[in-house]
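J.: In case you want the letters, here they are:
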Amino acid sequence: MISQHEFQVATKGRGTYDLSSDVQRFVRDAGIESGLCHVFICHTSASLMLCENADPSVMRDLESFMSRQVPDGDPIFSHDAEGPDDMPAHIRSILTQSDLNLPVRNGRCALGTWQGIYLWEHRYAPHTRRIIVTVQGD
Amino acid sequence: MISQHEFQVATKGRGTYDLSSDVQRFVRDAGIESGLCHVFICHTSASLMLCENADPSVMRDLESFMSRQVPDGDPIFSHDAEGPDDMPAHIRSILTQSDLNLPVRNGRCALGTWQGIYLWEHRYAPHTRRIIVTVQGD
Amino acid sequence: MISQHEFQVATKGRGTYDLSSDVQRFVRDAGIESGLCHVFICHTSASLMLCENADPSVMRDLESFMSRQVPDGDPIFSHDAEGPDDMPAHIRSILTQSDLNLPVRNGRCALGTWQGIYLWEHRYAPHTRRIIVTVQGD
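Chains as they are written, first to last, in the numbering used here: chain A, 279 to 416; chain B, 279 to 416; chain C, 279 to 416.
Next comes chain A alone, as it looks inside the complex (with noise of 0.2 Å):
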């Protein structure tokens, strides 16, 4: 059995936005006990990702990370016709998932105690991010 569902995520910019409970309502609803669960992201600037859900400041330690990774205005790029955060969106979402698949067990996502799914807006402003999740099983 396959279950599809596209939703629609309004950012606010640069940030993280927790999708676990809209994932695990559309699991419940798709009525699958024993299967997966695919999150997929539309688009190139934005990304997902599962991460440490209790603690606020992995976030902001996780940001800090990434921009010294991946500075904006990077000299090194010249992709930059959207500005000094276009080009490093790209590198950020390449370097962690645009997919995310998910195991799932009496009816809902077996995440462990710690994981929940996130979002990561890697642009400035805020954006319409398309989500497309798939559930398939018995």
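Treat the hints as calculated values from the structure; they're not laboratory data. Ideal Cβ positions, reconstructed from N, Cα and C, are used throughout, including at glycine. Errors might be hidden in some of the hints.
Facing chain A, according to a computed beta carbon distance under 10 Å, are these residues of chain C, among others [what the hints assert, rightly or not]:
#, residue
1, Phe285
2, Gln286
3, Val348
4, Asp352
5, Phe355
6, Gly361
7, His368
8, Gln375
9, Asp377
10, Ile410
11, Thr412
Take the given structure of chain A and dock chains B and C to it, following the hints.
T.: Below, chains B and C without anything else, positioned relative to chain A:
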């Protein structure tokens, strides 16, 4: 329903190779309307990614960035039997993807407007790379 | 057909642990000829990767590289309640994979000759890590 297919890509050495039309053609031929398309590369020195597909400067910037992050011939690497690009190729593969999973809707991969499917060859020399595509769904 | 299985790996602290034979055994026992095998780690401070499986120096070089990229005890990190390896473990997990999806052909994971499936423990201390394997196909 599951449909599986293996094909080869002859690379000309380090650089990116657009697989989007190959993958889309296979999905179309599989006759699956709704489901998932999985793309896998059977190697540890070339990898896969979804990346911006419109401006060639993105690929050049991406290569500049990765070459700086994972320098060829870095003296911290001892695994260099096949040359200065040997260990960097493994690390570049690990920092990107060996498998991509893409939603299939209306009989095709539901990629975003700017998303292309790329093979990234990390070795200097030309290589023959094996790709396995698996489409499943209804 | 879907077959799901959970097992645990007792790590001895930071380092890589080869899961290839565990995963291959489960695929064989599942009796699925053609499809996909999904491997998931239920943690945010240990991760999964496909990596070269022949020369032990690859793992040492990989650890040297990652330790330099994401330094333990880096003063930019404020999340250090569990020690200098706490935040780096989360970042290392995000830069690698929490889930891998592998093609199944002829009743086994169709890995390339040099591809091994590894758990990468990022914490110094030994941990018990939960892995969920899901095999689906015909």
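J.: State for each hint whether it applies.
T.: Structure-based check of all given hints:
no. : hint   : verdict
1   : Phe285 : violated, 13 Å
2   : Gln286 : violated, 12 Å
3   : Val348 : holds, 7 Å
4   : Asp352 : holds, 8 Å
5   : Phe355 : holds, 5 Å
6   : Gly361 : violated, 14 Å
7   : His368 : holds, 5 Å
8   : Gln375 : holds, 8 Å
9   : Asp377 : holds, 5 Å
10  : Ile410 : holds, 4 Å
11  : Thr412 : holds, 5 Å
In this structure, the hints that do not hold are numbers 1, 2, 6, in rising order.
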